[in-house]
Amino acid sequence: MTIGVKKVARPERMSFGESLYLLEIMKGLAVTMGHFLHNIAHNKEIPTIEYPEVRRVMPARFRGCHRLMKRPNGAPRCVACYMCATACPAKCITIVAGESPDPGVEKYPVRFDIDMLRCVFCGQCVEACPCDAIRMDTGWYTPPEDTREKLIYTIDGLLEK
Amino acid sequence: MTPLFDIGVAVARIAVFFAFVLGLVVVMTWVERKGAAYMQDRRGPNRARILGLTLGGVFHPLADALKFLFKEDFIPDNAHRFFYQLAPMFALAPAILTIAVVPFGPPVTIAGKTIALQIADLNVGILYLFAISGMAVYGVVLAGWSSNSKYPLLGGLRSASQMISYEVSMGLSIMGMLMVFQSVRLSEIVLGQGELLFGILPKWGVVVQPLGFVLFLTALYAEANRTPFDLPEGESELVAGYHTEYASFKFSMFMMAEYIHLVVGSAILATLFFGGWQFPYLADKGFLFPGGISVALPAAAVLVLRIGSFIGKTVFFCWLYVWVRWTVPRFRYDQVMRLGWKVMLPLSLLNIFVTGLVLLLIDKGGF
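Each protein sequence line maps, in turn, to chains A and B. Counted the way our numbering counts, the first sequence spans residues 1 to 161. Counted the way our numbering counts, the second sequence spans residues 1 to 367.
A few chain A residues that don't get close to chain B, going by computed Cβ distances all over 12 Å:
| # | residue |
| --- | --- |
| 1 | K7 |
| 2 | R10 |
| 3 | E12 |
| 4 | R55 |
| 5 | R56 |
| 6 | M58 |
| 7 | R77 |
| 8 | A90 |
| 9 | V105 |
| 10 | K107 |
| 11 | Y108 |
| 12 | F121 |
| 13 | Q124 |
| 14 | C131 |
| 15 | D146 |
Each pair of labels, with its calculated beta carbon distance range:
| # | chain 1 | residue 1 | chain 2 | residue 2 | range |
| --- | --- | --- | --- | --- | --- |
| 16 | A | I3 | B | I7 | 57 to 65 Å |
| 17 | A | T48 | B | S236 | 19 to 27 Å |
| 18 | A | H35 | B | I96 | 29 to 37 Å |
| 19 | B | V9 | A | E50 | 49 to 57 Å |
| 20 | A | G28 | B | G171 | 24 to 32 Å |
| 21 | B | L197 | A | T48 | 47 to 55 Å |
| 22 | A | G28 | B | P280 | 26 to 34 Å |
| 23 | B | R42 | A | E99 | 53 to 61 Å |
| 24 | B | R42 | A | T86 | 40 to 48 Å |
One-sided excerpt, in silico: chain A residues whose CB lies under 8 Å from chain B:
| # | residue |
| --- | --- |
| 25 | I3 |
| 26 | L22 |
| 27 | I25 |
| 28 | G28 |
| 29 | L29 |
| 30 | M33 |
| 31 | H35 |
| 32 | F36 |
| 33 | N39 |
| 34 | I40 |
| 35 | I46 |
| 36 | P47 |
| 37 | T48 |
Hints were generated in silico from the structure; no laboratory data involved. As the structure is a prediction and not an experimental result, all values here were calculated from the model. Each residue gets a CB set at the ideal place from its N, CA and C atoms; glycine is no exception.
Required output: the full structure, derived from the provided sequences and hints.
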């Protein structure tokens, strides 16, 4: 059954039948039984999404968990410029830069940690990145974990996504 | 031999009916959750699984019971320890005791002895029922008071005033039935309902006492603390009402008490107003329809039909409880009190007066 907003007219005074209350209860019972039988007969139409097994398909521009992009040779595209860490209002990005072994690239991130417990999913890091190395297009919101450490995403995990 | 037989029969009756009631309680917790879900366009419980089977969540009561058993049995520091532990017992015991007087089938003859299918055929029947079910309020009040916390206290207070108010109209609404059937013994009331009114209608309580039925139904809902009268629990305002501070199996005892009240209430509604184990137009030898048509049936079939009729009625009223709960919103507190004292009480008195008048006229007119 579809869910929608229904305008219910509320009269100033109740009619005799309405003030008896019992008749109105009967009508209400008919409504709930209607829903009950309809949902039994059309089980598939219940709008519930069976969450862990079935996931809602997020819109294309949904800002979800981050991922780091790779160069064609597999190295991280990130040049450790600290633009994202600077732009971040929640100060959740920690970068440690190192000298890249590739002569064509100056720096690369030795560490690139995002603390998902602090992240506010604003997307400023993505805006700030000069080389499109960080994106938030995984379509995932932060999954639940049982320790805080698991929610600090490191560079390996971020590159894999 | 004979005393042993009697003891065996007594134990068997208790075991069978108790198992039936508790089984229905377990099923009702599932029906309530699933029914609520389907009425609200949800799916309801469907996660507990055994061997990969969920079967629409029927294993959830089992999972709940296991969970309650293994939870920490917590007692708040400032609670009155003795009364705090006594309260769930006081809630559960009267609920279970009330099943004793409900006849769940016609008397049967085994080995030359007539056995009433009823745990105890008390001559005070209904009075016993009211006396015991009136005690249920102690459990709620004790729980509310001994928890030493504000929400349970408010829940307990509300429950006390509500149950006492509705006890009055509940007792009075049943008075008309007693006048019509001239007995407080439940087995005799059921037997009386087997007769036909004007030779067409079964003389069920709901036919001779329609107003009494509506009043009793309403009062029963208020007594069992069910929506629309669930102010003692009032989740949206009192957390969980009188059992807020209870955890573990003590909480589940309150829950069980509530559902036993529901099942026993349904059984009593079926017994008093819908003929108990009487099947319409079914006499001892088979069907006897008003037009003079009769269908003979073996005694065993009659017995099965009658017990089945009792179970069917009880299950229907259990479902009605659930159905009403997910249809009617909770009353405001002053509305509950107004309905109890200003509507139900005068109506039940009127019902007694009219019933008396009609009985007098029938008596004088020689109908």
